[in-house]
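Q: Please work from the sequences and hints to get the whole structure.
Chains as they are written, first to last, in the numbering used here: chain A, 23 to 377; chain B, 23 to 377; chain C, 23 to 377; chain D, 23 to 377.
Source of the hints: derived by calculation from the structure; they are not laboratory data.
Incorrect hints may appear among the rest.
Going by beta-carbon spacing under 8 Å, a handful of chain D positions derived as facing chain B [unchecked claim]:
| id | residue |
| --- | --- |
| 1 | Asp42 |
| 2 | Trp99 |
| 3 | Cys115 |
| 4 | Glu119 |
| 5 | Phe120 |
| 6 | Gly124 |
| 7 | Lys126 |
| 8 | Arg151 |
| 9 | Glu153 |
| 10 | Gln155 |
| 11 | Met156 |
| 12 | Glu183 |
DSS-like cross-link-like pairs, simulated, lysine-lysine; straight-line CA separation at most 27 Å [said to hold, decoys possible]:
| id | chain 1 | residue 1 | chain 2 | residue 2 |
| --- | --- | --- | --- | --- |
| 13 | D | Lys154 | B | Lys338 |
| 14 | B | Lys38 | B | Lys66 |
| 15 | D | Lys38 | D | Lys66 |
| 16 | C | Lys66 | B | Lys154 |
| 17 | C | Lys38 | D | Lys38 |
| 18 | A | Lys38 | B | Lys66 |
| 19 | C | Lys66 | C | Lys38 |
| 20 | C | Lys338 | A | Lys154 |
| 21 | D | Lys338 | B | Lys338 |
| 22 | C | Lys154 | A | Lys338 |
| 23 | A | Lys38 | A | Lys66 |
| 24 | B | Lys154 | D | Lys338 |
| 25 | B | Lys66 | C | Lys154 |
| 26 | A | Lys338 | C | Lys38 |
| 27 | A | Lys154 | D | Lys66 |
| 28 | A | Lys66 | D | Lys154 |
Yeah, the Cβ is synthetic: ideal placement off N, Cα and C, and Gly gets one too.
Number of protein chains: 4
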Amino acid sequence: MTTLNFASDNIAGASKPVLDALVAASAGSMPAYGTDPLTARLGKTFSDLFEREVEVVLVATGTAANALALASILSPWGLCLCHEEAHVIDDECGAPEFFTAGAKLLGLPGAGAKIDAAAIAAAADRLPRHEKQMPAEIVSISQATECGLVYRPDEIAAIGEVAHARGLKLHMDGARFANALVALGCSPAEMTWRAGVDILSFGGTKNGCLAAEAVLVFEPGLADSLRRRRKRSGHTVSKGRLLAAQFEGYLADGHWLDNARHANRMAARLSQGLAAIPGIRLAWPTEANEVFAILPSRIDAALREAGAVYYPWSDKSLAAGEAIGPDEVLVRLVTAFDTAPESVEALLAAARGGT
Amino acid sequence: MTTLNFASDNIAGASKPVLDALVAASAGSMPAYGTDPLTARLGKTFSDLFEREVEVVLVATGTAANALALASILSPWGLCLCHEEAHVIDDECGAPEFFTAGAKLLGLPGAGAKIDAAAIAAAADRLPRHEKQMPAEIVSISQATECGLVYRPDEIAAIGEVAHARGLKLHMDGARFANALVALGCSPAEMTWRAGVDILSFGGTKNGCLAAEAVLVFEPGLADSLRRRRKRSGHTVSKGRLLAAQFEGYLADGHWLDNARHANRMAARLSQGLAAIPGIRLAWPTEANEVFAILPSRIDAALREAGAVYYPWSDKSLAAGEAIGPDEVLVRLVTAFDTAPESVEALLAAARGGT
Amino acid sequence: MTTLNFASDNIAGASKPVLDALVAASAGSMPAYGTDPLTARLGKTFSDLFEREVEVVLVATGTAANALALASILSPWGLCLCHEEAHVIDDECGAPEFFTAGAKLLGLPGAGAKIDAAAIAAAADRLPRHEKQMPAEIVSISQATECGLVYRPDEIAAIGEVAHARGLKLHMDGARFANALVALGCSPAEMTWRAGVDILSFGGTKNGCLAAEAVLVFEPGLADSLRRRRKRSGHTVSKGRLLAAQFEGYLADGHWLDNARHANRMAARLSQGLAAIPGIRLAWPTEANEVFAILPSRIDAALREAGAVYYPWSDKSLAAGEAIGPDEVLVRLVTAFDTAPESVEALLAAARGGT
Amino acid sequence: MTTLNFASDNIAGASKPVLDALVAASAGSMPAYGTDPLTARLGKTFSDLFEREVEVVLVATGTAANALALASILSPWGLCLCHEEAHVIDDECGAPEFFTAGAKLLGLPGAGAKIDAAAIAAAADRLPRHEKQMPAEIVSISQATECGLVYRPDEIAAIGEVAHARGLKLHMDGARFANALVALGCSPAEMTWRAGVDILSFGGTKNGCLAAEAVLVFEPGLADSLRRRRKRSGHTVSKGRLLAAQFEGYLADGHWLDNARHANRMAARLSQGLAAIPGIRLAWPTEANEVFAILPSRIDAALREAGAVYYPWSDKSLAAGEAIGPDEVLVRLVTAFDTAPESVEALLAAARGGT
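A: Pasting the structure below:
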């Protein structure tokens with residue numbers, strides 16, 4: 023049966039190479055708590071991939087990765103500047119506040135859930151300097167953004183520059199790192215530390231892993247506190263191979279990039295197909311694996327009728343001048359490594375049928 | 023090659039039924055964040071197993087399970103009474119303190135890492151009642167204990183009684199729940215809520231899972247706060263099937279009990295074999311899957327020489343009158359579901375060779 | 023010399039009756055930690071004043087009072103709705119986040135730093151209900167507001183109603199409680215619990231005390247947790263008479279109301295005088311003891327030149343349609359119980375001289 | 023009427039010079055939040071007193087001072103070594119755990135509530151080095167101790183040496199700093215930084231102030247985080263003169279030393295008088311302003327009958343070999359700057375009458 027489920031990229035299971043690696047690693051004895059040979063090997067793999075020595079701390083969830091990364095840099099009275107719809111501010115039930123023991127996230131507006139360097143500079147410079155007010159200490163950007171857009175390396179570099187000039191660090195929430203990377207066609211290094219990123223949440227779960235995320239530290243000196251924070255937050259899995267094996271399968275032979283390219287292609291096809299239907303327009307361009315479409319209510323109804331699954335989305339970050347009409351809905355459709363072309367075509371057919 | 027690795031039961035991988043269930047569950051679309059059908063089914067399975075409605079919250083690590091369980095009951099200024107060598111006080115890098123935002127664990131002495139009802143009552147009654155001092159709110163016991171002993175249901179019931187009589191709740195850290203259960207030959211209900219346990223960390227990882235633990239709540243009304251705490255601590259895995267599938271394979275057809283029985287049998291064989299070697303004696307009786315032996319240093323050296331892996335252990339909880347001699351070491355050897363009889367025999371042979 | 027210092031009402035010292043009471047209470051032995059007879063008496067005084075039994079917890083700072091009050095109600099993952107310029111969100115360096123172990127304050131816009139019932143209802147109803155998002159648990163309003171306005175009892179009652187209908191509690195930050203009260207001419211009960219306020223920060227410091235604030239709880243059952251929170255945050259002064267004596271002098275014979283009436287009268291005079299000067303207009307009406315004026319820059323310069331001290335202020339909460347011109351500044355001038363009429367006249371003369 | 027109240031040194035009020043300074047400072051305008059001239063002057067006074075530049079952070083309670091000092095150094099997963107009866111571990115309702123967001127205090131035994139350098143070294147060296155266990159980061163000693171003993175400068179220096187050799191800082195809880203200082207007859211510098219103390223809680227409240235404590239930092243670089251922590255914990259009083267004025271009166275003309283000398287003299291007289299009574303013996307020598315006596319129960323009863331007020335005390339830190347008999351009680355009697363010689367004589371007379 024053709025599924026019409028475009029709810030999220032976390033409704034997919036594991037891709038075959040990931041699962042194979044996990045199965046292969048599940049037999050026999052291995053030292054615990056990340057002292058196993060797979061984890062050691064993986065450190066090397068990441069360093070090669072990023073063309074420099076990186077510190078790698080593995081966890082099972084993106085929320086853990088983000089919260090640990092932010093907590094490693096923020097003091098309990100510090101401020102993190104991010105987009106007002108960022109995952110860290112909106113979808114983690116206060117995990118950053120918990121892990122930092124009280125730091126605050128300051129949401130900035132921005133079309134497409136992007137924040138630009140100028141807006142960050144202005145916001146940081148506008149903050150009072152009195153001890154009564156929390157000082158900005160870090161900027162966090164999502165790659166891709168919560169509206170499916172991708173920061174170009176030069177945009178990231180501009181943000182890194184205004185951040186560093188003010189003594190702030192730069193964090194990237196790379197829950198969809200691979201999708202953004204293949205969209206840009208650049209290297210991991212170009213998209214991160216060469217552009218000023220200090221600390222990265224490198225996601226695997228949404229692109230073929232079951233539960234595998236990594237905090238990558240380009241800033242030396244944070245690894246020890248990160249490991250302590252991971253342990254005391256219960257995120258140090260005793261059988262470390264669980265996480266390392268998934269990443270081993272994920273990163274081998276460019277499998278992760280293939281997964282991301284497929285998901286992006288499916289999104290592009292879906293996006294073009296929808297945009298060609300009279301009455302439908304895109305809320306934001308489709309740059310990675312998420313399609314944000316503004317649908318006439320009758321098409322939305324027809325799609326639901328046909329069994330399609332997807333989420334309504336906030337219009338808060340529409341470009342200036344854009345608006346949702348009274349008979350329209352803004353929705354998000356997400357593709358993944360395992361989205362079948364038939365599913366895309368079936369959804370498009372159902373949408374066309376609704377016109 | 024025969025492994026001589028008895029370092030811990032977390033050096034083992036996954037048992038076959040667990041892995042099979044995980045592989046089977048890894049294909050296709052499923053709703054995220056624990057709203058999948060496997061997780062729903064598992065709730066039913068646990069309720070059947072425990073002969074009553076239980077709330078189930080799944081996580082990937084034992085530290086997370088313990089910290090969430092304690093935080094659900096303790097106020098930030100509350101006191102948890104536990105054994106002075108309990109995992110929660112000694113091996114979690116302050117996770118309970120973190121999750122509770124500052125509560126304290128008060129370690130009580132006790133031979134074999136057991137605390138008895140009378141000692142708990144005395145400690146609780148001795149606490150000052152002034153607002154300057156933190157009030158006791160919960161008792162936590164480990165089943166099996168950190169010295170490999172098992173609380174009998176009547177011992178647990180006695181603890182539950184003194185706890186409840188003073189307004190305290192009772193938590194059981196069941197990292198080795200299955201090993202204790204088969205050692206006692208009683209039912210899960212008898213070992214927990216029928217004996218007064220209010221909240222349980224039910225371990226799967228040390229007995230055949232890769233990373234699967236459950237907080238089971240017998241106390242109604244805690245499930246919502248537990249779920250919030252899980253989310254904000256980053257422990258809500260988005261692909262919930264990862265945890266549910268492991269438990270499905272684990273609990274089906276008594277597989278978990280078979281695993282535990284095997285591990286306990288291997289420990290019994292190892293224990294008897296060691297105790298029969300002149301110069302070796304047991305620090306505590308072998309009741310579950312851990313053997314604590316006091317070895318002459320020359321046997322310890324011979325075992326290390328032969329490639330055996332195991333940890334030295336604290337003598338803090340030796341029975342009164344017992345002591346380690348100057349040429350002796352106290353060591354822990356742990357068996358698991360996959361410990362080969364040949365490994366046990368090889369270790370014994372090496373030990374005998376060292377005499 | 024006539025002072026032109028209108029920086030804040032916390033630049034004033036203590037009023038005579040407050041100081042006299044403190045001096046009188048400073049001799050001889052008294053039980054510690056708030057078990058002294060003054061503190062006991064004060065509990066009765068507050069209950070009389072509020073026409074019902076209230077729980078009273080004394081502290082030395084307004085930030086402590088607010089943070090303790092919010093933490094007594096908010097869960098660590100809860101949301102507090104307040105104005106986006108509220109003191110709790112903007113001027114306490116994250117104290118509410120610290121005391122709650124990570125709760126979040128959600129700032130709502132509103133002219134004059136007031137939030138109205140409809141806006142609160144809309145914001146609360148707009149919040150997603152998923153476990154990923156923090157649920158609203160409390161509303162906090164400042165009386166008087168950060169723009170010097172006063173909520174009328176019916177406005178408070180409307181807020182209380184929408185809050186309670188949604189399961190939210192209502193907190194009032196009464197740092198300028200007395201100033202608001204005499205402005206309204208109503209009773210403390212009418213301005214608080216009769217209008218739905220559940221917990222109150224009752225300020226004394228800005229109106230004649232040196233350092234005396236009280237958390238008043240109309241909600242029974244919070245007193246014990248409040249006392250624990252106070253102790254563990256270091257806010258239980260050992261010589262409890264320090265705080266109780268200040269309040270004794272403050273509340274006796276309506277002294278606190280006299281202080282507030284004087285401050286408000288000085289503000290009214292200042293406000294009228296400024297508004298009569300060509301080129302000057304008020305940013306918001308002067309309802310309590312704070313004057314917010316929009317000054318031509320040349321008058322601002324003349325005032326500074328004359329030695330006047332006051333702060334520039336944010337224009338974020340101007341009424342719709344209002345704006346600060348390029349050659350204008352928005353400033354705040356605060357009067358207190360000890361503001362001399364001559365100071366007001368001198369400031370007005372200096373302002374007139376700048377035209 | 024002669025009071026027989028020896029419950030604590032915090033039952034006394036303020037001494038005259040302290041109160042005079044407070045009254046004098048309470049008039050007129052002064053900048054808020056510790057930017058007033060008194061606070062500035064006080065910084066200089068403390069630097070002169072300690073013969074070096076010190077950072078001074080004023081607060082109203084000893085618990086706040088201790089918790090802020092410890093939190094400025096401890097990471098949330100760090101361990102503080104202190105005596106098992108230390109105020110920080112036993113009498114602050116978890117304030118250090120709260121301010122540090124979860125650090126732990128590890129109590130060490132020691133006669134007279136003293137911990138010696140060798141015991142600290144042994145405890146620190148015994149700690150496991152695995153990431154599962156919290157690492158020691160600071161040592162905290164109380165001067166005078168909870169049993170009224172005083173560390174000599176050479177004892178402090180020995181502790182400082184073993185602490186620093188292991189990368190640990192040294193904190194002194196100087197709630198009774200003045201009493202210890204005059205007992206030793208040394209300089210503040212000799213008793214602190216010259217002996218290796220890195221951070222000090224300098225108490226004023228128990229020796230003549232109403233509520234005035236200072237965190238003194240000899241370690242440069244902590245002042246900014248201390249100020250932030252103070253603000254976010256609600257301990258930055260807006261009328262900073264409250265704290266600065268008390269200390270100004272306290273420190274002027276050696277008044278604080280006079281107060282302490284008087285209290286110590288009263289304690290010495292009380293101690294000698296009690297020890298001379300048949301059946302009474304001292305639990306620990308009287309070195310500062312606290313007397314710990316082991317009384318026959320009949321004398322205890324007679325004293326209570328006569329209206330005497332004092333607390334029973336723990337026998338946990340008796341010297342090896344000492345014990346309380348079945349008809350004996352261990353009690354604490356505390357003298358203060360305002361203890362009248364007549365009160366001491368009256369208590370002694372009542373005790374003699376009980377024999």
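Q: Now tell me if each hint is right for this structure.
A: These are the hints, each one checked on the structure:
Checking Asp42 (chain D) against chain B: minimum C-beta separation of about 32 Å lies over 8 Å; hint violated. At its closest, the beta carbon of Trp99 (chain D) sits 5 Å from a beta carbon of chain B; the interface hint therefore holds under the 8 Å criterion. Using the Cβ-Cβ criterion of 8 Å, the hint placing Cys115 (chain D) at the interface with chain B is satisfied: the shortest such distance is roughly 5 Å. The beta carbon of Glu119 (chain D) is positioned within 8 Å of a beta carbon in chain B (closest approach about 4 Å), and the interface hint is therefore held.
Restraint check, Phe120 (chain D) versus chain B: the minimum CB separation of about 4 Å is within 8 Å; hint holds. Below 8 Å, beta-carbon pairs count as interface contacts, and Gly124 (chain D) has one with chain B at about 4 Å; its hint therefore holds. Hint status for Lys126 (chain D): holds, given a least beta-carbon distance of 6 Å to chain B, under 8 Å. With its C-beta approaching chain B no nearer than about 12 Å, Arg151 (chain D) sits outside the 8 Å limit, and its interface hint is violated.
The beta carbon of Glu153 (chain D) is positioned within 8 Å of a beta carbon in chain B (closest approach about 6 Å), and the interface hint is therefore held. Interface restraint check: Gln155 (chain D) against chain B, minimum CB-CB distance 7 Å, threshold 8 Å, status holds. Interface restraint check: Met156 (chain D) against chain B, minimum CB-CB distance 5 Å, threshold 8 Å, status holds. Interface restraint check: Glu183 (chain D) against chain B, minimum CB-CB distance 28 Å, threshold 8 Å, status violated.
Pair hint Lys154 (chain D) plus Lys338 (chain B) holds up; C-alpha atoms about 19 Å apart against a cutoff of 27 Å. For the proposed pair Lys38 (chain B) and Lys66 (chain B), the alpha carbon gap of about 23 Å is at most 27 Å, so the pair holds. Simply put, Lys38 (chain D) and Lys66 (chain D) have alpha-carbon atoms about 23 Å apart, close enough for the 27 Å limit, and the pair holds. Between Lys66 (chain C) and Lys154 (chain B) the CA atoms are separated by roughly 25 Å; this keeps the pair inside 27 Å, and the hint holds.
Under the criterion of a C-alpha separation no larger than 27 Å, the hint pairing Lys38 (chain C) with Lys38 (chain D) is consistent with the structure, at around 18 Å. The hinted pair formed by Lys38 (chain A) and Lys66 (chain B) fails the criterion: a straight-line CA distance of about 30 Å is larger than 27 Å. Distance restraint check for Lys66 (chain C) and Lys38 (chain C): the Cα-Cα separation of roughly 23 Å lies within the 27 Å cut-off, and the hinted pair is therefore satisfied. For the proposed pair Lys338 (chain C) and Lys154 (chain A), the alpha carbon gap of about 19 Å is at most 27 Å, so the pair holds.
Proximity of Lys338 (chain D) to Lys338 (chain B) is assessed by CA-CA distance (about 20 Å); at most 27 Å being required, the pair is judged to hold. Among the hinted pairs, Lys154 (chain C) with Lys338 (chain A) is consistent with the structure: their alpha-carbon atoms are about 19 Å apart, no more than 27 Å. Under the criterion of a C-alpha separation no larger than 27 Å, the hint pairing Lys38 (chain A) with Lys66 (chain A) is consistent with the structure, at around 23 Å. With a C-alpha separation of about 19 Å, the suggested pair Lys154 (chain B) and Lys338 (chain D) falls inside the 27 Å cut-off, and the hint holds.
Proximity of Lys66 (chain B) to Lys154 (chain C) is assessed by CA-CA distance (about 24 Å); at most 27 Å being required, the pair is judged to hold. The suggested pairing of Lys338 (chain A) with Lys38 (chain C) is violated, with an alpha-carbon distance near 54 Å, which exceeds 27 Å. A distance of roughly 24 Å separates the Cα atoms of Lys154 (chain A) and Lys66 (chain D); the hinted pair therefore holds under the 27 Å criterion. Between the alpha carbons of Lys66 (chain A) and Lys154 (chain D) the distance comes to roughly 24 Å, so the proposed pair stays at or under 27 Å and holds.
Violated hints for the displayed structure, listed by number in ascending order: 1, 8, 12, 18, 26.
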